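With full-length UniProt numbering, the residue at position 39 of the sequence shown is 39, and numbering never jumps.
Quick caveat, the hints were computed from the structure, so don't treat them as lab data.
Do not take every clue at face value.
[Said to hold, decoys possible] With beta-carbon atoms standing in for the labels, derived distance ranges:
1) G95 / G66: 27 to 33 Å
2) T162 / D47: 17 to 23 Å
3) G66 / G157: 16 to 22 Å
4) N22 / P62: 14 to 20 Å
Please read all numbers here as calculations on a predicted model, not as lab measurements.
Virtual Cβ for every residue (Gly too), placed ideally from N, Cα, C.
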Amino acid sequence: MHAIVDSNLVSLRAHERTRGANMTLGGYHMSEVIPTEEFVIRRGLLDQADGDHLYLISQFLPFTLGRTGLARDVLRDPAPGGIDLAKAAGITVAGIDLRTSPGYEPVIVTASVARGPLLVIDGHHRLTAHILAGRPLDGVVVYVCEHHRLMDWQRYGYVPPTMRLT
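Full structure from sequences and hints, please.
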């Protein structure tokens, strides 16, 4: 990840509201483990190499090749109940490119921006559409929220078991 700049919770919350985020920073028991105000919130650009440790939440595990949970391994034709390909297709048809379309930034949480791993908590369909359209991760604009105790959230089942600190 590069071109990292500081952001804040007010900006992130406005983004979550605009996008109608289902999973928000602190939601799904996250704030029971890590107080939301303790996260360091930034914006940055993904590098292509980030694909090696960019995960979807565990509910998407069955819809990735080999159940890796990696965003780059999302299946083009997953089983029912997985990635909503119609929703992803709508994003692709609209010509939304996450590198150049402001307001569509996925939200990522991590224990370390420098080392990863990275976990998408909002923007799964946007990111999936981007990947399935054959677009590179390099230059995708994201919100990244960092806290060294992120892996403590794993006990609630949202962190895929394949995701490990690097």
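Hint check results:
no.: 1; hint: G95 / G66: 27 to 33 Å; in the structure: holds (31 Å)
no.: 2; hint: T162 / D47: 17 to 23 Å; in the structure: holds (21 Å)
no.: 3; hint: G66 / G157: 16 to 22 Å; in the structure: holds (20 Å)
no.: 4; hint: N22 / P62: 14 to 20 Å; in the structure: holds (18 Å)
Violated hints for the displayed structure: none, as all numbered hints are satisfied.
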